[in-house]
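Participant: Read in our numbering, the sequence shown has 379 at position 379, and its numbers run on one by one without any break.
Any given hint might turn out to be false.
[What the hints assert, rightly or not] Think about it this way: if two alpha-carbon atoms lie no more than 25 Å apart in a straight line, the pair counts; the simulated SDA-like pairs of lysine to any residue are:
1) Lys229 with Glu302
2) Lys403 with Leu314
3) Lys433 with Leu314
4) Lys404 with Tyr208
5) Lys229 with Leu152
6) Lys403 with Gln342
7) Lys461 with Ser387
8) Lys461 with Asn450
9) Lys403 with Asp214
10) Lys433 with Lys229
11) Lys400 with Gly300
12) Lys400 with Pro339
13) Lys229 with Leu370
14) Lys229 with His297
15) Lys355 with Lys403
16) Lys279 with Asn147
17) Lys403 with Asp429
18) Lys403 with Leu453
19) Lys403 with Gly281
20) Lys279 with Leu370
21) Lys355 with Pro335
[Stated by the list, open to error] FRET-style restraints, in silico, Cβ to Cβ:
22) Ala132 with Glu83: 24 to 32 Å
23) Arg373 with Ser7: 37 to 45 Å
24) Glu129 with Arg477: 34 to 42 Å
25) Thr309 with Val243: 47 to 55 Å
26) Gly402 with Arg278: 50 to 58 Å
27) Ala290 with Arg6: 17 to 25 Å
By construction, these hints were calculated from the structure, which means they are not laboratory data.
Even glycine gets a Cβ: it sits at the ideal position worked out from N, Cα and C.
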Amino acid sequence: MTGIERSSTVAVVGAGTMGQGIAQVALLAGHRVVLYDAAAGRAHDGRGEVAARVERLAAKGRLDRAEADAAIGRITAVGDLAELSGAALVVEAIVEDAAVKREVFAALEAVVAPDCLLATNTSSLSVTEIAAGLKHPGRFVGLHFFNPAPLLPLVEVVSGDATAPESAQLAFETAAQWGKTPVRCADTPGFIVNRIARPFYAEAFAVYEERAADPATIDAVFRESGGFKMGPFELTDLIGQDVNEAVTRSVWESFFRSPKFLPSLAQRRLVQSGRLGRKAGRGWFAYEPAADAPAPHTAGPEAAPAEVTVVGDLGPAADLVDLMEEAGISVAQTPSGGPYIQLPGEGQLVLADGKTSVEFTDVVYFDLALDYRGATRIALSASEDTSPQTLAEAVGLFQKLGKKVSVIGDVPGMIVARTVALLIDLAADAVAKGTATFEDIDTAMRLGVNYPLGPGEWHAKLGQDWAYDLLHHLDERCPGGRYAPSLALFRLGYAAGPDDAYEGDENAYGGGGAGGGVSAP
1 MTGIERSSTV AVVGAGTMGQ GIAQVALLAG HRVVLYDAAA GRAHDGRGEV AARVERLAAK
61 GRLDRAEADA AIGRITAVGD LAELSGAALV VEAIVEDAAV KREVFAALEA VVAPDCLLAT
121 NTSSLSVTEI AAGLKHPGRF VGLHFFNPAP LLPLVEVVSG DATAPESAQL AFETAAQWGK
181 TPVRCADTPG FIVNRIARPF YAEAFAVYEE RAADPATIDA VFRESGGFKM GPFELTDLIG
241 QDVNEAVTRS VWESFFRSPK FLPSLAQRRL VQSGRLGRKA GRGWFAYEPA ADAPAPHTAG
301 PEAAPAEVTV VGDLGPAADL VDLMEEAGIS VAQTPSGGPY IQLPGEGQLV LADGKTSVEF
361 TDVVYFDLAL DYRGATRIAL SASEDTSPQT LAEAVGLFQK LGKKVSVIGD VPGMIVARTV
421 ALLIDLAADA VAKGTATFED IDTAMRLGVN YPLGPGEWHA KLGQDWAYDL LHHLDERCPG
481 GRYAPSLALF RLGYAAGPDD AYEGDENAYG GGGAGGGVSA P
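Using the sequences and the hints given, assemble the complete structure.
Facilitator: Here is the structure:
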């Protein structure tokens with residue numbers, strides 16, 4: 001199957017920022033576009049904005065002049081839904097209110113052709129619920145673009161309970177023809193990205209609420225150790241604290257207030273106080289003209305140990321052996337026991353595993369890194385009982401490797417490690433329940449929120465049992481369900497990889513799913 005014909009008309013309902021973006025994408029793909037908005041004059045203004053953007057592309061040499069003129073000539077603003085009757089595809093991008101959307105689609109059904117594909121760009125509402133009142137819900141699908149639509153490549157193609165497989169496939173192929181990267185998803189709260197991404201924000205806020213580290217330090221650890229483009233605090237300031245918290249609350253409520261998606265009280269206070277982020281001039285950070293960006297906590301210089309002993313297999317941190325030797329630290333190795341790095345004194349350096357330093361005589365934990373060779377900062381955690389000598393040796397060791405060091409409070413799982421483990425857990429659970437495939441989840445998280453790796457890729461990199469073991473330890477120390485590993489994650493521990501864990505289960509990769517619309521490509 002291919003997407004809708006290039007000669008077909010695409011209608012966009014809603015001439016706001018997102019509607020304009022979707023209209024521009026369809027327009028530059030060669031379609032005639034009809035832009036509608038219920039507010040008087042808004043469709044006309046929206047058309048003008050799209051035309052101006054196309055003009056700017058031509059002025060910058062990114063679009064041929066003749067193509068730009070032709071595109072501008074193909075977009076029309078209308079003020080009556082009846083004028084959308086010739087559309088082959090209608091994409092709705094209006095207010096996030098299910099009742100309003102149902103009313104619009106009921107009116108659309110009365111004017112469009114029987115084979116017209118109807119799509120909603122909702123980011124948080126149930127596709128199934130919106131389609132419930134339609135006479136022909138089989139042709140209804142979610143087509144979730146990310147803002148700004150002309151720039152971001154990801155599109156979530158969401159199948160409601162009644163969506164026909166051919167409708168989902170047509171939407172998928174159309175998005176691909178438009179130069180986007182579509183992923184298939186069943187109709188569940190948050191779809192893929194807004195569901196799986198919750199721990200990225202929640203765990204950062206939790207570490208802050210536990211007074212283990214400040215926002216600037218947590219952000220720096222995510223960027224410089226975890227490989228994320230932005231930290232959760234600066235990112236939510238950019239998104240808007242009210243917007244980000246509303247998504248979290250929506251997912252939490254939709255999953256019947258599961259502790260897995262518990263909102264942050266600290267973020268709630270920001271919203272209540274009007275500190276909404278960049279748009280308000282203040283959020284987690286201040287953005288007034290004279291405001292200085294806060295610096296992350298960085299440990300002062302310490303002497304590196306001349307020699308260490310690596311006990312057991314360091315697993316995800318195995319590259320540290322070569323790095324220490326290259327830095328001139330003598331490394332002895334003991335194959336059995338551990339895993340940890342024995343420091344010259346009595347202390348041990350251990351990769352974050354969901355336990356705390358206070359449980360042991362003299363232990364310093366170090367956080368997970370995307371790539372220990374490329375990381376420029378490492379977080380360490382120690383308890384009040386950790387000897388000053390052990391902490392100094394641990395700090396000096398990583399400084400000798402060329403890393404900045406941030407010492408945080410003694411929290412189980414630290415920062416990057418607990419976050420990545422939860423991302424893997426939520427992804428495994430989503431796959432097991434037929435929401436999407438691991439491949440599509442990985443694609444969505446890389447393209448939708450710019451993660452360095454998708455959860456399935458993290459799992460393959462870190463090992464079969466890593467996430468389960470860490471969350472099991474966290475759940476023992478922080479009971480209540482937030483960190484309880486899912487059955488799906490438990491199953492991954494008995495398989496060679498994400499694919500094998502669900503081999504033979506057609507629904508695990510969306511082979512059944514809502515209306516069959518999330519079947520693998």
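Participant: Indicate, hint by hint, whether the structure satisfies it.
Facilitator: Evaluation of the provided hints:
For the suggested pair Lys229 and Glu302, the alpha carbons sit about 29 Å apart, so the restraint of at most 25 Å is broken. With a CA separation close to 19 Å, the supplied pair Lys403 and Leu314 stays within the 25 Å bound. The hinted pair formed by Lys433 and Leu314 fails the criterion: a straight-line CA distance of about 33 Å is larger than 25 Å. Only pairs whose Cα atoms come within 25 Å are accepted, and Lys404 paired with Tyr208 is accepted, the gap being roughly 20 Å.
Between the alpha carbons of Lys229 and Leu152 the distance comes to roughly 15 Å, so the proposed pair stays at or under 25 Å and holds. At roughly 19 Å between alpha-carbon atoms, Lys403 and Gln342 fall within 25 Å of each other, so this suggested pair holds. With a C-alpha separation of about 33 Å, the suggested pairing of Lys461 with Ser387 is violated against the 25 Å cut-off. Of the supplied pair hints, the one linking Lys461 and Asn450 holds, its CA atoms being roughly 18 Å apart against a limit of 25 Å.
Proposed proximity of Lys403 and Asp214 is supported: the alpha carbons are some 19 Å apart, at most 25 Å. Between Lys433 and Lys229 the alpha-carbon distance is near 30 Å, which puts this suggested pair outside the 25 Å criterion. At most 25 Å may separate the alpha-carbon atoms for a hinted pair to count; Lys400 and Gly300 meet this at roughly 12 Å. With a C-alpha separation of about 21 Å, the suggested pairing of Lys400 with Pro339 holds against the 25 Å cut-off.
The suggested pairing of Lys229 with Leu370 holds, with an alpha-carbon distance near 12 Å, which does not exceed 25 Å. Taken as a hint, the Lys229 and His297 pair is honoured in the structure, with Cα atoms around 19 Å apart against an allowance of 25 Å. With a C-alpha separation of about 24 Å, the suggested pairing of Lys355 with Lys403 holds against the 25 Å cut-off. Distance hint between Lys279 and Asn147 is fulfilled; the C-alpha atoms sit about 16 Å from each other, no more than 25 Å.
A C-alpha spacing of about 35 Å is found between Lys403 and Asp429, which places the hinted pair above 25 Å, so the restraint is violated. A hinted pair counts as satisfied when its Cα atoms are at most 25 Å apart, and Lys403 with Leu453 qualifies at roughly 22 Å. For a cut-off of 25 Å, the pair hint linking Lys403 to Gly281 is broken: about 33 Å separates their Cα positions. Distance check on the hinted pair: Lys279 and Leu370 sit about 32 Å apart at the alpha-carbon level, beyond 25 Å; violated.
This hinted pair checks out: Lys355 and Pro335 have alpha carbons roughly 23 Å apart, not beyond 25 Å. The hinted window of 24 to 32 Å between Ala132 and Glu83 holds, with their beta carbons roughly 26 Å apart. The given range of 37 to 45 Å is broken by Arg373 and Ser7, whose C-beta atoms sit roughly 52 Å from each other. Our hint of 34 to 42 Å for Glu129 and Arg477 holds, since their Cβ atoms are close to 39 Å apart.
Between Thr309 and Val243 the CB atoms are about 50 Å apart, so this pair conforms to the stated range of 47 to 55 Å. Taking 50 to 58 Å as the suggested C-beta distance range, the pair Gly402 and Arg278 does not conform, at roughly 33 Å. Range check, Ala290 to Arg6: about 52 Å between beta-carbon atoms, so the 17 to 25 Å window is missed.
In summary, the structure is inconsistent with hints 1, 3, 7, 10, 17, 19, 20, 23, 26 and 27 from the numbered list given earlier, while agreeing with the others.
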